[in-house]
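The hints should help you fit chains F and Z onto chain S, whose structure is shown.
Okay, here's what each chain looks like letter by letter:
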Amino acid sequence: MTRSSWPLYEVFVRGKRGLNHVHVGSLHAPDDEMALRNARDLYTRRNEGVSIWVVKADHITASSPDEKDPFFAPSGDKVYRHPTFYSIPEDVPHL
Amino acid sequence: MDNAYDGLTDAGEERHWAFGTGFTAALAGVDRAIPDVDRAALAAYCLMLGDDALVYSQRLAEWCSRAPELEEDVALANIALDLLGQARLLLTRAGEVEAAGRDEDTLAYLRDEREFRNVRLTEIDCGPGPGGDFGTTIARLLVLSTWRLALLGQLTASADPVLAAVAAKGVKELAYHRDHAAQWVLRLAGGTDVSRARMIAGLERVWPFTDELFTTHPVEAALPGVAVDPATLRAEFDQVIDTVFGAADLDRPEVRQVAPLAGQAGRDGVHTEAMGFLLAEMQHIARSTPGAVW
Amino acid sequence: MDLEREFERVVAADHRVEPRDWMPDGYRATLVRQIAQHAHSEIIGMQPEGNWISRAPSLRRKAILLAKVQDEAGHGLYLYAAAETLGADRAELTERLVEGRQKYSSIFNYPTPTYADVGVIGWLVDGAAICNQVPLCRTSYGPYARAMIRVCKEESFHQRQGYELLMTMMSGTRQQRAMVQDAVDRWWWPSLMMFGPPDAESSNTEQSMLWRIKRHTNDELRQRFVDMSVPQAEKLGVTLPDPDLVWNAERGHHDFGEIDWSEFWRVVKGDGPCNQQRVAHRRRAHEDGAWVRDAAAEYARKKERAA
Chain S
1 MTRSSWPLYE
11 VFVRGKRGLN
21 HVHVGSLHAP
31 DDEMALRNAR
41 DLYTRRNEGV
51 SIWVVKADHI
61 TASSPDEKDP
71 FFAPSGDKVY
81 RHPTFYSIPE
91 DVPHL
Chain F
1 MDNAYDGLTD
11 AGEERHWAFG
21 TGFTAALAGV
31 DRAIPDVDRA
41 ALAAYCLMLG
51 DDALVYSQRL
61 AEWCSRAPEL
71 EEDVALANIA
81 LDLLGQARLL
91 LTRAGEVEAA
101 GRDEDTLAYL
111 RDEREFRNVR
121 LTEIDCGPGP
131 GGDFGTTIAR
141 LLVLSTWRLA
151 LLGQLTASAD
161 PVLAAVAAKG
171 VKELAYHRDH
181 AAQWVLRLAG
191 GTDVSRARMI
201 AGLERVWPFT
211 DELFTTHPVE
221 AALPGVAVDP
231 ATLRAEFDQV
241 IDTVFGAADL
251 DRPEVRQVAP
261 LAGQAGRDGV
271 HTEAMGFLLA
281 EMQHIARSTP
291 GAVW
Chain Z
1 MDLEREFERV
11 VAADHRVEPR
21 DWMPDGYRAT
31 LVRQIAQHAH
41 SEIIGMQPEG
51 NWISRAPSLR
61 RKAILLAKVQ
71 DEAGHGLYLY
81 AAAETLGADR
91 AELTERLVEG
101 RQKYSSIFNY
111 PTPTYADVGV
121 IGWLVDGAAI
131 CNQVPLCRTS
141 YGPYARAMIR
151 VCKEESFHQR
161 QGYELLMTMM
171 SGTRQQRAMV
181 QDAVDRWWWP
191 SLMMFGPPDA
201 ESSNTEQSML
211 WRIKRHTNDE
221 LRQRFVDMSV
231 PQAEKLGVTL
241 PDPDLVWNAE
251 RGHHDFGEID
261 WSEFWRVVKG
271 DGPCNQQRVA
281 HRRRAHEDGA
291 WVRDAAAEYA
301 RKKERAA
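Protein chains in written order, with our numbering: chain S, 1 to 95; chain F, 1 to 294; chain Z, 1 to 307.
If you're looking for bench data, these hints aren't it; they were derived computationally from the structure.
Every clue listed holds true.
25 Å max Cα-Cα, derived DMTMM-like pairs, lysine to aspartate or glutamate:
1. F:169 to F:36
2. Z:302 to S:10
3. Z:303 to S:58
4. Z:302 to S:33
5. Z:302 to F:242
6. Z:303 to F:251
7. S:56 to Z:294
8. S:56 to Z:18
9. F:169 to F:98
So these bits of chain F aren't anywhere near chain Z, every CB distance computed over 10 Å:
10. 29
11. 218
12. 221
13. 234
14. 250
Glycine included, every Cβ here is placed at the ideal spot set by N, Cα and C.
With the rest of the complex left out, here is chain S (with noise of 0.2 Å):
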């Protein structure tokens, strides 16, 4: 049997106007074309999403949504990333 399987895209959909893109979940496409036509037809065909954007899967850089990660463990001992290290005289406005 062929296995030809399309790549994975993640679907984001702005459900109405001044609303954010939402990551809504994913589907799968031969390309971004049909990426776009194919989550049109899943995630809104009751006409919830005004805007739709999809992207490849593994164009996705992402970090762990906690500390429990590795690539957060540097940041615990760089203070120097932290707001508090600074101390700012306290008439320095907006910052």
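Relative to chain S, chains F and Z alone:
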């Protein structure tokens, strides 16, 4: 006892899932006055456009659970649902204009083959049955949606306010159907050797039924300002097809047209042999349970 | 070990586990199996009702049914997408299904001989599915929970359309009422079996509850379904085919008769009325579509090379 169904539906949430299932009717607020024209002709014209949509929807729905990929299953069902929605509005209008007490279901389920006025291209088997495959299905979708989009585009200016409203709604749907077909024609024609051969075979299967689409029927001729003369659709059709074929590196099929029978074809109620089977299946429950309510 | 404690803390606090979190292998494997089976059930579940789209007896019913079966394809897709966040590959899950190596809900191995079956599937089968699925909206794995919220919202239409169809049919001819009762007689017991084996024999329940993948036991959900269905059946005017079905005031629940578990296991193991047919149908669609999937993939490759 807690009820598992509570909290599942948000009040006021839009429920676009089927015409006539609770939300505002698709043509709410549209003037339903009947223009001052030959009523029999107008009713027949509504049937023509309604039957095209109904019969074609019946064919497309055969793909449900059989499409090449799940995403495509959803897409084809969407197209079938759009057409079914158009069919219901048009049959309802036909019944209203005819004023003989026939509603959409009486017209769909209790008419005989000779009373159906759809063009023959809508009724033939283009797959998933033995009469075709996905390539043939896409070929028909390209031809029919290109033609119907051109037709509905003109119909938006119809003197019948209901036809104009159905057309205005349908134009958006058909634009999507045509685009979907064109996308697939590009991919099948430009994909593998196998898919290219199947795309070409599919076009050869449906092309013999294209002349019929542009033949003016007396009913259409009797309704100036209300009906669209299909002969006028050829230029737009050719232009779109040439564009798609150009991009897909395809030639127009060189095949004979399927002849009418003694000058008559689908619009006159003269159909292919496939039509009887299609209707037998579609109408069987409704006809075998007289008096039943659904 | 830090990671394992963190996982347990997240689960115990009723927070959601997300795809890139560390998770025990057993948790991942259990979820992949459960979500895949659930997705397969949606896809196979298109067939018993899809059988009636071409013959639906009114245009409104046809539109509803087509939209419903289309929803099931959509639900399958939401669920496959959730499974893929765990590293599963949809093509591979599909292979497992069509080769009979992965199961789907046994309820879809029963046939739909009349249009009343469409109504009863909506009422009882979708009703049972909702009982099973609503708690899953709070399951511990985030992508699964989110997929289930979408599914449940849409399923509620399914159940209502089924019950509405049955009410309409019960107001029709004598033949139609008999059709409804016949369908209820055939689907009632298989619907009760949808909740799975009794708790005492359910091997996976305990660990799944600990991980908060499952939130209620099979028997709890089954009881809830029976209690909900009895008044609905009365309202409809049909008899549920169980002479032992009776209200137990002491328990505050309905007692019901013994389920024929030998029948359940027979169908699960492949000897139901439609097992081969359902898998063959899916396999055929998958195989017949291979040239189309290949074509689109090849076209994308050519475009990419040209770019």
